[in-house]
Amino acid sequence: MRAGMDEKLIEFAALLRDNGIRVSLAETLDAVDACRRVGLADRAAVYAALRCTMVKRAADGEAFDRLFALFFSGLGEVIKQASQAVQRELALSEREFQELIDQLAQLLAAHEGELSPLARELLAADSARLERRIRDAAREIRRLFPAPAGGQYRLRLKLAELIGLRRLERELGEIRQLVEESGYDPLARARMGQYVERRFNALETILQRYAGGETGQDARREREAREQQTLREKNLYYMSEQELDRIKGAVAHLAQRLKSAASVRRRITSRGRFDAKKTLRRSLRWGGVPFVLRFDKRKKDKPQIVVLCDVSDSVRNVARFMLQLMYSLQDLYWRVRSFIFVAELGEVTSHFRENDVGGALELALNGAVINVYAHSNFGRAFRIFAEDYAGAVNKKTTVLVLGDGRNNYNLPGDQFLGAIRRRAKQVLWLNPEGRATWGFGDSEMARYALQCDVVEECRNLNQLYRVVDRLLAR
Amino acid sequence: MFASIDDVVTRFAAHGYIANRRLATVVYLATGLRKPVLVEGPAGVGKTELAKVLAQALELPLIRLQCYEGLDEGKALYEWEYAKQLLYTQILKDKIGDVLRDTRTLAGAVERIAREDAVFFSERFILPRPLLKAISSEHPTVLLVDEIDKADQEFEAFLLEVLSDFQVTVPELGTLKAKHVPFVVLTSNNARELSDALKRRCLHLYVDYPDKQQELAIIGAKAPEARRELAEEVVNVVQSLRKLDLKKTPGISETLDWIKALTLLNIESLDHEMVNETFDAIVKYEGDVRKAQEELKEYLRRARVRRADGSDRDLLN
Ligand SMILES: Nc1ncnc2c1ncn2[C@@H]1O[C@H](COP(=O)(O)OP(=O)(O)O)[C@@H](O)[C@H]1O
Ligand SMILES: [Mg+2]
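Protein sequence lines correspond, in order, to chains A and B.
Going by the working numbering, the first sequence opens with residue 187, and the numbers climb by one from there.
Going by the working numbering, the second sequence opens with residue 3, and the numbers climb by one from there.
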């Protein structure tokens, strides 16, 4: 029994893995230990035990729940229901039904060796074995065809094939004959015939339900993954608000990585090193007695980030995305100051702190902070920032500019960006426009690029991911 | 240790913690299998409290390591007490003079001192921080590593090492191995995704906001002075607030703060005009307060309609 449980859990782990939930061998063994401890009788406890040992990401919880239901009772339940349905259709009592099965079993026993195990299990209403057989077949199919092409219908056919449904079909005739030639009275023979027929149909129903349950999930997961992938490649200019909403998680993730990119990466010596120079200098006060030792405890610099985001009407959709990014950054770390600009420039740090994403974006874009219907004037915005907010930038600050650099033929004002850069640790610029168009028309990007440490094109989410990776690798 | 899952439920209840069976099962397994539990979930759902109550229920001391950005090994494990070391060298100046008396050269003196330096790098001068405290404790302990997601990834990697073998090496002292493996509870508010390696080592428990019944039970345990009718109203409103898109969704602490404030002000029902003044107990941000006020208005309107319906029916009957 115990070995049976281990095997079953290992199989369950495989099913989870097939469905994209990463379960390591160590975790599977934990699951086995946990199940032994809570016992198998308490279903809720088994569920909790498996869930806490095998699922470590909240996002996988839902898939786990579905698979647990299917694996631990789903199929068994389906088989049992099918059996009860046959009994009901034949209008037999529990006892009569059992008698019928026993009589049939005796009959079949006389024909040892000629019938497939499937036929025996099916007719003996041996649900446990039957369940196992279907599962094994499904596993085998998953192994052979990792991504079931063609979906539910194909899986059902394959399942039927692997489990030996064709042979069973052939055997059906034999069994009918066997029943006819038996010595039972006509009524019993008729019942048996019906029973065999219905049992066969029931098996088809079972396979159908099983295949339906599994491929339904596969298809959904596949579709979602595909959608996410297309969204990641989609040009930010053309994203709808709903689409932006759907990539919220990815944006937050990016923000986190961006923050790491902004922090200086120094070797950390957490213990701290003895700093002789500082110690000596300090000890002069006490006549050279080193009463206080000095240690050099250099740590990773805490990043300070200033974000300047262009929110003019021409880049409205991109702006929504960039603001989301800015919001996530600020939400994670309090040393972030956020500014928006078109022709004027205004600070939105406190708005972002006080409101949820939706509210914050609304406030940024409704014209309350700055006039958003003006024409972009990067030069002016840089000048205002350099003059009014010089204090926001120091040697630890990373300045992040989000915009297309299209300046509507105003004065470029790149010297102000240069002034900002001299005060800052670095200036990064992310441009949602293709690199090929920079410097053409009213784009001052070529000029601004000279005043930045890093300039990157990011027209879609994937590109931004790559940019952040590059920044991290510097 | 716990005898069963039910035993966890009972003993946690005795210390004012309402545990559902899922949580109790994980606690039962973690203590039985001696595995760390990683408790994840939004703020204010009882993650920290879980560790505290676990310590109380097992009658073990609780050692808490609060994580924050920039937390490093020194603050988590141990530091040398330099000031104390220096003080001793000053006090022992004469003694040191004795030791050095018959040395002629500087090199000789350094050599002589070096022979004695074990005195100054001994357990006497070590300042144990939470992790070392837990490892060197003479008794089993409950070790709470709170809000691990706030610490840097480097620290997480270091912690993983400690959790793997419960021994640490202090270069001057050698390797210290835990006499008792502590019961470890880690909590995270999901500010960032933790590493897979750490998660693999732990049992995972996701704690979500409680359902109505559970939240009422928690009020019963934590604010027994509150009237039942008021508690029900409060829970109804809080539960619907949690469905809104707020910047900071109220946790159980907020529910408790709110009902305590209302009870203190002798407010018996939520249609009292002073309810507005107690709002900062439940929502912290300006934008959220506005949304919460609207939600409350809507709730009260529906409640009135229901009551009117009820009295109509009463008249008919
Ligand atoms: N299940 C519970 N039973 C009793 N009190 C609870 C429960 N969950 C939370 N609380 C109470 O809610 C408050 C917040 O819990 P806390 O552990 O600080 O939350 P978290 O660590 O998840 O942010 C505490 O005062 C605690 O007493
Ligand atoms: Mg906490």
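Mixed in with the good hints, there may be bad ones.
To be verified - Covered, in the sense of this in silico footprint (three residues per stretch, anywhere, with C-beta under 8 Å from a C-beta of chain B), are these stretches of chain A: (1) 200-213; (2) 228-234; (3) 281-291; (4) 306-312; (5) 540-550.
Since the hints were derived computationally from the structure, they do not count as laboratory data.
Glycine residues also receive a C-beta, built at the ideal position from the N, C-alpha and C atoms.
Worksheet entry | Hints not upheld, ascending by number | 3 and 4
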